[in-house]
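Top to bottom, those sequences are chains A and B.
Residue -17 is where the first sequence starts when you use this note's numbering, and the numbers rise one by one after that.
Residue 167 is where the second sequence starts when you use this note's numbering, and the numbers rise one by one after that.
Derived by calculation from the structure, the hints in this document are not laboratory data.
Be aware that one or more of the hints could be misleading.
One-sided excerpt, in silico: chain A residues whose CB lies under 10 Å from chain B [claimed, not checked]: (1) Val(-14); (2) Gln(-12); (3) Tyr19; (4) Ile28; (5) Glu34; (6) Phe73; (7) Phe89; (8) Gly90; (9) Gly92.
Idealized CB from N, CA, C, for every residue including glycine.
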Amino acid sequence: AQTVTQSQPEMSVQEAETVTLSCTYDTSESDYYLFWYKQPPSRQMILVIRQEAYKQQNATENRFSVNFQKAAKSFSLKISDSQLGDAAMYFCAYRSDSGGGADGLTFGKGTHLIIQP
Amino acid sequence: SQTIHQWPATLVQPVGSPLSLECTVEGTSNPNLYWYRQAAGRGLQLLFYSVGIGQISSEVPQNLSASRPQDRQFILSSKKLLLSDSGFYLCAWSVREGPQHFGDGTRLSIL
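Construct all of the structure, not just a fragment, from the sequences and the given hints.
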């Protein structure tokens, strides 16, 4: 079974600074997807960014980028120019590609990101 | 555009009572549908997923069941709730190899 580990229960960053959230995973599969989701106090789960394992190029979405190291099974999220609205729980998630996209997500326990004004 | 509706937003139920949470998706056909539970201070745990009408896969043995009576409707049920069923329940949808998109969730408290 796959597992996802987020070793940082809480991170704090000054507004406008850059912060990196860590995620490692364990799998024996070669084809899979990785995701970062954001959960603000409203508790809605919002997709931040996704990465296909077969792609070597790291995904980028505006101020959000990932450092995907497949051999190390590492998938960190970098948030540049942090904003107050970035404050939330961030969850790393894994999805196998064996089910044609239908498989559920395996989540880490999350990192609580605090933005200091 | 696709939207997902989940209700109720909040529910308080006594132990031993039945449960029915509903989720519907608009703007897409034959979506994959999912139910997750989030315990306090923890990540999400997959409970059920469905790739089509009447097709339900269970990930965790528990006091809950799921049904998909229509293409874009997914229902989470229980005949008798336990205290351990308390939590935040989220429905999600996806199509083909796309990412999952979540509803706003239901906060379930068992008394």
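Going through the hints against the structure:
Satisfaction of the interface hint for A:Val(-14) is found here, the shortest Cβ-Cβ separation to chain B being roughly 8 Å, below the 10 Å cut-off. Satisfaction of the interface hint for A:Gln(-12) is found here, the shortest Cβ-Cβ separation to chain B being roughly 8 Å, below the 10 Å cut-off. The beta carbon of A:Tyr19 is positioned within 10 Å of a beta carbon in chain B (closest approach about 8 Å), and the interface hint is therefore held. Below 10 Å, beta-carbon pairs count as interface contacts, and A:Ile28 has one with chain B at about 8 Å; its hint therefore holds.
The restraint placing A:Glu34 at the interface with chain B holds, with a minimum CB-CB distance near 9 Å, inside the 10 Å limit. Checking A:Phe73 against chain B: minimum C-beta separation of about 6 Å stays under 10 Å; hint holds. The closest approach between the C-beta of A:Phe89 and any C-beta of chain B is roughly 4 Å, which is under the 10 Å cut-off, so the hint is satisfied. The interface hint given for A:Gly90 is met, as the beta carbon of that residue sits about 6 Å from the closest beta carbon of chain B, less than 10 Å.
Hint status for A:Gly92: holds, given a least beta-carbon distance of 5 Å to chain B, under 10 Å.
The structure agrees with every numbered hint stated previously.
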